[in-house]
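K.L.:
Residue numbers (the working numbering), protein chains in the order written: chain A, 1 to 100; chain B, 101 to 273; chain C, 274 to 619; chain D, 620 to 1295.
Think of the hints as simulated: they come from the structure by calculation, not from any bench.
Fair warning: there could be bad hints in the mix.
Stretch-level coverage of chain B by chain C, calculated; a stretch enters the list once three of its residues show a Cβ under 8 Å from a Cβ in chain C [as the list claims (entries may be wrong)]:
hint : region
1    : 141 to 155
2    : 166 to 172
3    : 223 to 234
The following residues of chain A were derived to be distant from chain D, with all beta-carbon distances above 10 Å [claimed, not checked]:
hint : residue
4    : I2
5    : G57
6    : F61
7    : V65
Idealized CB from N, CA, C, for every residue including glycine.
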Amino acid sequence: MIPLSYYLVLSGILFTCGVLGFLIKRNIITIFMSIELMLNGVNLSFVAFAAQWHVLGGQVFVFFVMVVAAAEAAVGLAIIIAVYRTRETLNVDRIDLLKL
Amino acid sequence: MVHLILFSVFGLICIAGAVNLLVQSHPINSALSLIAVMASLAVEYMLLGAEFVAVIQVIIYAGAIMVLFVFVIMLLNAGQEERSKGSRVALLFGIPATVVGSAIGAWVLIEHSGTGNVAIGALPGPPNQIAELLFHDFLLPFEITSILILIAIMGAVVLAARPESVQHTKKEG
Amino acid sequence: MNLETFIIVSVIKIVIAIIVLLTAVAYTVWLERKVVGHIQNRWGPTRVGPFGLLQPLADGLKFIFKEDLTPPHVYKPLFIAAPMIALIFALTSISVIPIGNWVTIGSIHTPLEITDVNVGLLIVLGITSLGVYGVALAGWSSNSKYSLLGGLRASAQMVSYEVSLGLSLVGVLILTGSFNLRDIVLAQSGTFWGFIPRWNIFHGLQFVAFFVYLIAAYAETNRVPFDLPEAETELVAGYHTEYSAMKFAMFFMAEYANMITVACLASLLFLGGWNGWLFGPAWLKAILPVFWFGLRVFFFLFLYIWVRGTLPRFRYDQLMAFGWKFLLPLALANTVVTGLVVALRS
Amino acid sequence: MTANLHLWLIPILPLIGAAINGLLGKRFSRQLVVTVALLFSGAAFAMALWIAAQFSSLSVPYTEFLTPWIRAGNFQVDFSFYLDQLSLIMLLVVCGVGFVIHVYSVGYMWEEGGFYRFFSYLNLFLFFMLTLVLASNYLLMFVGWEGVGLASYLLIGFWFTKYSAASAGKKAFIVNRIGDFGFLIALFLMIKHFGSLDFGQVFKSVQPFSPETAGVGLLTTIGLLLLIGACGKSAQIPLYVWLPDAMEGPTPVSALIHAATMVTAGVYMISRSHAIFERAPMALTAVAIVGVLTALFAATIGICQTDIKKVLAYSTISQLGYMFLACGVAAFSAGIFHLMTHAFFKGLLFLAAGSVIHGLGGEQDMRNMGGLRKKIPWTFWTMTAATFAISGIPPFAGFFSKDEILWRAYQASWAYWLIGVFTAFLTSFYMFRLWFLTFFGEYRGDVGLPDEPGRAAHTSHGHGRHGIHESPKVMLVPLVILAILSVAGGWVGVSGSLGGSDRFDKFLGPVFRSTALKVGVQLLEPGVTAPPEQQTEGTEPKTGHATELMFTGISVASALAGLFLAWLLYLRRPQLPERIAHALNGFYEAVLNKYYVDEFYAALFVKPLIAVSTKVLWHGIDQGIIDAGVDSAADGAREVSDSVRHMQSGNIRSYAGWVALGAFAVIAYMVWTGVQ
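Excised from the complex, chain A in its bound form (with noise of 0.2 Å):
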């Protein structure tokens, strides 16, 4: 038995961590990877919340976001091998004109 906040601070942090690597990463494929860090974050907190307020919702709601993810993360890899075609770089620092 433990208390539940233990596994919402976990979350937090995770989530935490997500925005930092958003903020301090410079490399686009890692960012997007922090995202899913934050989306990982999330969803522990819905299990979490689930568990104790013995709710199946939550869980059903977690696979909602991995599909959601799924999606995103296909999309958003597709978009930035189409980036790196034409940019010829992954720094989103040199990445800030929408057309060349």
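Take the given structure of chain A and dock chains B, C and D to it, following the hints.
P.N.:
Relative to chain A, chains B, C and D alone:
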């Protein structure tokens, strides 16, 4: 007791992985540490009893999404990320802010999130019940997400497909 | 059963499992060399021990004593980690595979597997899906064209065929309504109309699923005719071009371990697991199921080798087209039809 | 209850015709267009006749509820039609004359461009006019009211390539708006105070009111406003100015809309709402005064006009003045009677004039006519009938109605009667002037001259090429029909004094008696008091037949005097008029220029209006406020974005930083509130 031990062990692995993701300058390392995070998260789910979610987490996140990431990293042969002027600022302001923010958040959570305790396997999420939810209560969202996936697939194909001209040059070259 | 005994028992089981598995791996290699030899009208290993039975041992020694060289310009940490990852996941996946019913030794009542999980099947799938990383990272980290191409091919191929693999199992899952491998096996005990064993392969359309599963499994394990990641003629040795000595051995073992896992899974899911003819005294009754199970696994391994000795290799685009345009639709169709039948019957 | 009459069909039929011609007519052959137009208008006429045939067996007033239109709280307006003696007569007049004129226009417009357009508009007009007549509430009536305005606008401006025609159309439309404004206010007042616009309910709620002799009360206000509306539509002072210009339209239009039917809508409306007027003596007086003044005024102008259609236009105005006078002295049935007869002979006059113009290839100036008696005999004879009718010479139709009106007017006040008689004299004078100038003497015009711009409309005619000719049958038949009507049309209402029995009056009796006063009204002129029933329609005045006959004699005499004077001036001594004109020079000038009313209006209303809208609305409000506001908004936006746009560096991480900052702020706030 066991619960606390397992929780803290894998929780620490999680945090370590997350931090590693930040400090590593090479995307592939970040990817691997993220995989570690996900795997240990799966264990945390197991602890909460959500075994199905845990396995799906491993299969989808670790087994599919991250494979995509690694694959792309390999494809683009992404190297070390180089410093640039913006980064210093982000480091200077971002890290303290987030640390403080998370600290406050943690404190608030611990102090004010009531006295909810969860035991090992608090809520077993057997697949059939989850299926029940997915295909009855959440049917519409389910279908919508399926359409979303379809669109995502097409979008990915369109985006990643090489432009015609490039292909021609390829053929000639 | 209290925590300590549980831990002890688990450790014992793990040790046993690993030993058994590694031996099996070693002798699968031996078997392969023998069989392929005979298929190609030669003798295979004969020198070391009777019928070259000690050959695997010799090989092992050779690998150990070989110089373990890491080429320059490789990305070291991953170069070292990759084979371990591959082997670890290959070995882990065996942990939820039951080889027999529950047994009671003294006061300990335990299943004949490392742990009995409700979602065992999914766990196996998940871990095998993680196996990709070993290959991919190896290919990428060893910083060489052949390896990179091999790695890319391997990961692409594995990701693609995982889908068909997973979908091919859905039919079985629908029929038995459980992810628990033990339940699945138990559901296959008995017979249809008294003489056909009640195996899933004979159950409705599942022979289609079996066919799909088999092919997808071959692709998953990078075996002929899908062994493009290590296609000698084009990529030297694919992702483990740069590897030597024990690291190479790890990949090798990982591959065969995967073969065995897949074979176990196939026999559990489609050929009725350890169900079989029980006779004789109690101890024999206790042993027989394991024997029947081993027999099925052996059959599958033999099939692997046989195929390898017979078939040529696919071209890469053919491989992809086959996977996405033929296997996947087939698996989907099987899923839909089975689901419909079950739904209509209930 | 009586059988369903399907009244709604009567308006709808012409609408269908209009729709067919308007939408598809472009592709139709002229014959087909004609067939459609005549078919539908004729069908409406047929239905009207059918209804008239079984009218006696009906329980009137007969209302036909079609479908609810507006429901707001307990205020409700329906699409429902209303039939009683009054609307029956209007129905017959409109359909009959309308149909006849349809036939006539076939011949008249045959060579014109936009043939289908013309007939589509004509049918449209019929639709609206019938709606107006059959409406069972003021709002539906107003729909018809506006609709006929629209139709008249379209038809006046039928030759829209001609500037004068287009502007005349606009003028008519705008002037009508002024009247409609009054009408609308009246409707609002009714809604406010009676909570309904349905005739029946309004009159019922009017019942308890006692006549507002002292001061201007609600009913008086409503009455006056309605009067304004009527003035607009029926071209009464001060809003008559549009009618003469309206003569720019094709002649059949002038006949149908601006003589026979539409312009009488005002009269119809006033007599429809007689219940209100009866209780608002001042409003009635106003009506009477407007009417009588208009009559005199227009008549005087009519004398000096040289354009044949203009003469007729002014005579129309003055005749309408007569009708208003009748309404004003509460002799509604007399007004309606005159309305009917007037529809016949004025329609005929216009058609005949049209026939003349047609024959002369677009010539409209009487000074270029003359001696056409022999050349176009049919036209001549029908015109003669009409002229005698309008001049009020017995036994033609006009005589009876006008005599009735004058008699009633006298009972109200001798002043009305005096002006009325003088106007009658003027009327007969200018009518015979027209008659003599057109048909007698020798021909003064030169046929074959290239048409002048003024008649550009008829250039397509090409009649100027070959000489004066009688119009085709299709035009003559309507002339004859109307001639017969304008000869005999008056006999339905021979007044008792002439040995008749006021059938018309009695027929209309129920309508006007139904809501009549229980108590007698003080007479409009102080001093003279009359027994109650004298005001109510249908009862014979106490003053004996002898006096009435005497007055009749006087009016006839005045008419004959007019005839004689006209003969003297324009046939016997054609040079005399010039001398007279010289004699009273200024006055003549004034009259010739219609008393400069148009110029006066232009100076008083139009120019200031234009000036104000230019200075205030355009330069002031539109440019100064609206445009300025928009511009300054744009400038402000530019200013702000200039300062803010540096945030948009395109650097994703800076964006992310801002987002994170905002999220952090929000979370901090929520946490803080949560902790409190």
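K.L.:
If a hint holds in the structure, say so; if it doesn't, say that too.
P.N.:
Here's how the hints hold up against the structure:
Requiring three or more residues with a Cβ within less than 8 Å of a Cβ of chain C, the coverage given for the region 141 to 155 of chain B holds, as 3 such residues are present. With 4 residues bearing a CB less than 8 Å from a CB of chain C, the region 166 to 172 of chain B meets the requirement of three and the coverage assertion stands. Only residues whose C-beta sits within less than 8 Å of a C-beta in chain C count toward coverage, and the region 223 to 234 of chain B has 3 of them, enough to reach three; the restraint holds. For I2 (chain A), the requirement that its beta carbon stay farther than 10 Å from each beta carbon of chain D is met, with the minimum near 23 Å.
Listed as a non-interface residue, G57 (chain A) keeps its Cβ farther than 10 Å from every Cβ of chain D; the least gap is roughly 23 Å. Once the 10 Å rule is applied to beta carbons, F61 (chain A) is consistent with being away from chain D; the minimum gap is 21 Å. Non-interface status of V65 (chain A) relative to chain D is upheld: no Cβ of that chain comes within 10 Å, the nearest being about 18 Å off.
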